[in-house]
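Undergrad: For the record, in the sequence shown the residue sitting at position 25 is 21 according to my numbering, with numbers rising by one throughout.
It should be emphasised that the hints constitute simulated quantities derived from the structure, not laboratory data. Warning: the hint list may mix true and false statements.
Stated by the list, open to error - DSSO-like mimics (lysine-lysine), calculated; alpha carbons at most 27 angstroms apart, straight line:
no.	residue 1	residue 2
1	LYS53	LYS41
2	LYS100	LYS43
3	LYS100	LYS38
4	LYS100	LYS53
5	LYS99	LYS53
6	LYS38	LYS56
7	LYS56	LYS100
8	LYS99	LYS38
9	LYS43	LYS56
10	LYS100	LYS25
11	LYS43	LYS25
12	LYS60	LYS99
13	LYS99	LYS43
14	LYS60	LYS100
No experiment lies behind these values; they were computed from the predicted model shown.
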Amino acid sequence: MGASVEGIVGLISCLLCAVPFMIIARFDKESSTPINFWSGDKSLKDKVVNVPAYNAKMSKMYFKCGMVFVISGICCMFSLTAGLILVCLAGTVGMYIAYRSYKKILNEYS
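Take the sequences, apply the hints, and build the full model.
TA: Take a look at the structure:
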């Protein structure tokens, strides 16, 4: 039983979604500036007190977000329907959970 073309497209699409999360998780972890949740947010410099600890937690959160897309892509290889359901859940419920996690982390280090 080989992989379907649809499954391969689903996997590639999910991996493309995961890459930005993984890049942020890997390369911004040791940054001297706080990792943003919202693009262009400049207010974190004044809010975050312990930047290394904040970045470590944010990095873990971004890594988990990326892994959800990787897992969704792998699911697409076996069942396109299951993979698409996971992608939809990641883009809705998952992002809400990520936002709540961000707010919790920000409150902890502000």
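Undergrad: Please go over all the hints and tell whether each is borne out by the structure.
TA: Do the hints match the structure? See the list:
1. Distance hint between LYS53 and LYS41 is fulfilled; the C-alpha atoms sit about 16 angstroms from each other, no more than 27 angstroms.
2. As the CA atoms of LYS100 and LYS43 are separated by approximately 13 angstroms, the hinted pair is consistent with the 27 angstroms bound.
3. Distance check on the hinted pair: LYS100 and LYS38 sit about 19 angstroms apart at the alpha-carbon level, within 27 angstroms; holds.
4. Pair hint LYS100 plus LYS53 holds up; C-alpha atoms about 10 angstroms apart against a cutoff of 27 angstroms.
5. Restraint check: the Cα-Cα separation between LYS99 and LYS53 comes to about 12 angstroms, which is no more than 27 angstroms; the hinted pair holds.
6. The suggested pairing of LYS38 with LYS56 holds, with an alpha-carbon distance near 21 angstroms, which does not exceed 27 angstroms.
7. About 13 angstroms separates the Cα atoms of LYS56 and LYS100, which keeps this hinted pair within 27 angstroms; it holds.
8. Taken as a hint, the LYS99 and LYS38 pair is honoured in the structure, with Cα atoms around 16 angstroms apart against an allowance of 27 angstroms.
9. At roughly 20 angstroms between alpha-carbon atoms, LYS43 and LYS56 fall within 27 angstroms of each other, so this suggested pair holds.
10. Taking the CA atoms of LYS100 and LYS25, the gap is about 18 angstroms. The hint holds against a cut of 27 angstroms.
11. With a C-alpha separation of about 18 angstroms, the suggested pair LYS43 and LYS25 falls inside the 27 angstroms cut-off, and the hint holds.
12. Between LYS60 and LYS99 the alpha-carbon distance is near 16 angstroms, which keeps this suggested pair within the 27 angstroms criterion.
13. Between LYS99 and LYS43, the direct Cα distance comes to roughly 12 angstroms. Compliance with the 27 angstroms bound is thereby established for this hinted pair.
14. This hinted pair checks out: LYS60 and LYS100 have alpha carbons roughly 16 angstroms apart, not beyond 27 angstroms.
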